[in-house]
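Engineer: Here is what each chain is made of, one letter per residue.
Number of protein chains: 2
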Amino acid sequence: MSDGGERRRRGGRAGVGREVNAIRQPPWRKLANPYPPMEILSAEQLEAIHDTSMRVLEEVGVEFMSPRALDLLAAAGAEVDRASGLVRLDRGLVAEQVAKAPASVTLTPRNPGRAIEIGGRSLVFSLVAGPPNVHDLDRGRRAGNFRDYCDLLRLAQSLEIVHYIGNQVVAPVDLPAESRHLDCYHANLTLTDRCFHATAIGAERALDAIEMMAIARGVTLAEMAASPGVTTVINVNSPRRFDGAMAEGLMAMAEHGQPSIVTPFTLMGAMTPVTLAAALVQSNAEALAGVVLSQLTRPGSPVIYGCFTSNVDLRSGAPAFGTPEYAKAAVAAGQLARRYGLPYRSSNPNAANCVDAQAAYETLMALWGAVLGGANLVYHAAGWLEGGLTASFEKVILDAELLQHVAEFLQPIAVDEDSLGLEAIREVAPGGHFFGSPHTLARYENAFYQPLLSDWRNYESWQEAGAPDATARANSLWKRLLESYEEPVLAPERREALDAYVARRKEAIAREAA
Amino acid sequence: MSDGGERRRRGGRAGVGREVNAIRQPPWRKLANPYPPMEILSAEQLEAIHDTSMRVLEEVGVEFMSPRALDLLAAAGAEVDRASGLVRLDRGLVAEQVAKAPASVTLTPRNPGRAIEIGGRSLVFSLVAGPPNVHDLDRGRRAGNFRDYCDLLRLAQSLEIVHYIGNQVVAPVDLPAESRHLDCYHANLTLTDRCFHATAIGAERALDAIEMMAIARGVTLAEMAASPGVTTVINVNSPRRFDGAMAEGLMAMAEHGQPSIVTPFTLMGAMTPVTLAAALVQSNAEALAGVVLSQLTRPGSPVIYGCFTSNVDLRSGAPAFGTPEYAKAAVAAGQLARRYGLPYRSSNPNAANCVDAQAAYETLMALWGAVLGGANLVYHAAGWLEGGLTASFEKVILDAELLQHVAEFLQPIAVDEDSLGLEAIREVAPGGHFFGSPHTLARYENAFYQPLLSDWRNYESWQEAGAPDATARANSLWKRLLESYEEPVLAPERREALDAYVARRKEAIAREAA
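Which chain is which? The protein sequence lines are A and B, in order.
This note's numbering numbers the first residue of the first sequence as 1 and each following residue consecutively.
This note's numbering numbers the first residue of the second sequence as 1 and each following residue consecutively.
No wet-lab data here; the hints were simulated from the structure.
Think of the CB as a built atom: it goes at the ideal place given N, C-alpha and C, for glycine as much as any other residue.
Any given hint could be a false lead.
[To be verified] Each pair of labels, with its calculated beta carbon distance range:
no., chain 1, residue 1, chain 2, residue 2, range
1, B, Pro176, A, Phe435, 33 to 43 Å
2, B, Ala103, A, Gly436, 39 to 49 Å
3, A, Ala95, B, Glu445, 46 to 56 Å
4, A, Asn458, B, Asp416, 48 to 58 Å
5, A, Arg504, B, Asp416, 54 to 64 Å
6, A, Asp174, B, Glu445, 24 to 34 Å
7, A, Gly92, B, Glu427, 18 to 28 Å
[What the hints assert, rightly or not] Covered by chain A, per the in silico footprint, the following chain B stretches (three or more residues, Cβ under 8 Å):
no., segment
8, 254–262
9, 343–357
10, 420–431
11, 451–461
12, 493–502
For reference, chain A alone in the conformation it holds in the complex (with noise of 0.2 Å):
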């Protein structure tokens, strides 16, 4: 491989991680996507889709269910009633406040050799987020509880692949609900050293991870807020309504310098009409109104565009992921942000029960969607399965191997005198072999790829150990990471400053209760 060399000397620098149990990754590294991406719809589908979100937003309006949202959206001028949260918004105001928006932000965890930068051309891939179910091999299926949590950051944290912590990996629903993000939030902090999206229902929340991730940087909340290390996705109630909860954590966030992924969660036909155009002007509209919040709430607050538009089954309703028309939307919601000047977040979905080849295919295509529409982060990246209702420990491992798949894709394609060969040519006979050759020795160790999951050997040597397919392979893959995993080290007294901030919300929390 002609970047064979760079990979060794990276390898070198990364040190830790590069092979543990005898399972080689590529080191961690800042992936860029340096092609251009694909544009799914012209310029002139593009600002026929842009003007008719404007209209949207202009005539029809979105709900915001939040007085302090309602009151900010009115001192700049929006249409607002008061009885409806119904807000219009003219495409001048979105203009105005989309601009304020910085086109990339970079986000800093307590190490700061993990920092992560989604805007520009960098392409950043996250946990999963969210399901209440857990699944692997050996146990089945069952609720989300705090043990696999741990036990799923730990497998992130071995993954040099895995860039960032999503919120809730899986819901410890064996914790209270009232407290169950301090626990979590502690965890992401003490058993990974990564960023982290936080749970933002509210306020409080949101405030509690990024007080908590000061803490563990060693940073005060104003340090914090000119460098974020925490965001949250905000969900939109598609169509056109944003919650309090939603509208409250976006401000909280905004307030503080964190980045909210505005996200509108889109099941073409179920949540928006039937056409995949449609979707996109819906989405867009929604998604742009939170942008503009972000920027009423504090100018120039860094602010993430989501999309998240797929279809459903229209003869049972059931949700489908990766399908062909999910991976036209993340290519075009692609063009959209990049017209506002917006990092981009896209998906890495399935809708399959289990790791198996439908959960490879509808994944790897909603992934070259993200790649081909220029995201900068792939959300849900690594471990989603069952529309996102299971974490998968399984699947965690399949993802990874995709996902380094797409790394190693976009590595640049080396051409120079040494690479291009020609002296190795001229030395092998017509009908010779190049095993043997200098080139080819000098090059040996670091020349391709080497999976983490996949299996070449022959199909005897397979049969002989036992026919595994790659499930069983994955479930073999986990049990040695989180064998050979390493707490990365934190200096005792942060660990104790977190332990003391969650103590003293807890009983805050409790006495509001009582």
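With the hints as your guide, set chain B onto chain A.
Structural biologist: Same frame as chain A, now just chain B:
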């Protein structure tokens, strides 16, 4: 979905095969890739690879193990070493000959409705070719045989997304080696109505295919030369060798106006240097040498630029397919093919030993490489397993699903007043839903792509149904498709003529052997 109405109309026209045995498929359609191919190589890199390829042809040379080929090349002014068979080709000669080859070729089988174009923006998918083994979940892995050969053809004929029959979908080793190509061609022409790929090991086998296709179409050989109907793949014995049978086959096809697909099979580190740039240099030089020979044989004869570059596991020497390097090579080779104005053939391989998640993701990586590379023909598109050593019934179904996904992704997004759906958006209140919207109901039936294999049932329903994974479902699907297979009508006199041709040729072959 925006193109639902259009699809329904086409479905109505296509009629047979649209929904058989409760298996619904999009109808046969001519696929075009409307998006510009990815430019993974810069213009400078592309020229560096071209220039180095020219130096390989000029300075290093390519061996042709055929006196007739050497005669043709010498007469054209190439520097020919008769003793070694090594031929050095001046870049001016190469450019002059390559420029004579057409940019596109239309292949017509006995059913003119199943004609395919290879060139321009067209995209054609073929059945797998050449595996020695066959596999399905019920009967396991076994040696290739004529019964399975015929069943795989019936399956391909039942799938509208398989446009073209590869050479020997599985080798029928239960038939005599010297005449089995006749039985295969006979089956291709009676069990399917599609174009097929002939065996071009020597001129005779190629001629048999051309004559039999002419009989099935009811045309003369001269008419076939003007309107070709069969192809062959000419593999180079890389590095830099055309063996006698391949050179003779290529010339026989060109003489009769049938396109050869000149495809160096190059595993980096084995048949080429280990770097991707050098593999492209060598593969390009080899492919162009074959193109030159085709044009010297018959100027203007159709010929297709093939590339099949992948890597090996350098620890074991095992071949790998559908890797990141493979996909990069597939994209880059498309840029080379277009530089020379030639139709481009890519492939759809994987190295998995069973139809699992690996089989899906390696295949889909290869397929995206082909699509982003602007491939016109994706060879081995359906059924390839185990590095090409096995044709798999279940893999045919999985691949048909992947091909349908890609075909659907490439259908342009409709953006017009109707699909933009402003009025539909206006009619649904915030937080409402679109299931009952007139806009939805009017498009209900054909709004979205309906998958062949994907299972979108919820977890509970899927469990109740026995929790079948994608491979188990594929097993059920190919059996249902075979049950409902209908042999395409062939005029009795043509069938008798085909029978007679095969009988006559078998006698002749037996006489020669005696």
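Engineer: None of the hints should be skipped; say for each whether it holds.
Structural biologist: Status of the hints after comparison with the structure:
no.: 1; hint: Pro176/B - Phe435/A: 33 to 43 Å; result: holds (36 Å)
no.: 2; hint: Ala103/B - Gly436/A: 39 to 49 Å; result: holds (41 Å)
no.: 3; hint: Ala95/A - Glu445/B: 46 to 56 Å; result: violated (40 Å)
no.: 4; hint: Asn458/A - Asp416/B: 48 to 58 Å; result: holds (54 Å)
no.: 5; hint: Arg504/A - Asp416/B: 54 to 64 Å; result: holds (58 Å)
no.: 6; hint: Asp174/A - Glu445/B: 24 to 34 Å; result: violated (45 Å)
no.: 7; hint: Gly92/A - Glu427/B: 18 to 28 Å; result: holds (26 Å)
no.: 8; hint: 254–262; result: violated (count 0)
no.: 9; hint: 343–357; result: holds (count 7)
no.: 10; hint: 420–431; result: holds (count 10)
no.: 11; hint: 451–461; result: holds (count 8)
no.: 12; hint: 493–502; result: violated (count 0)
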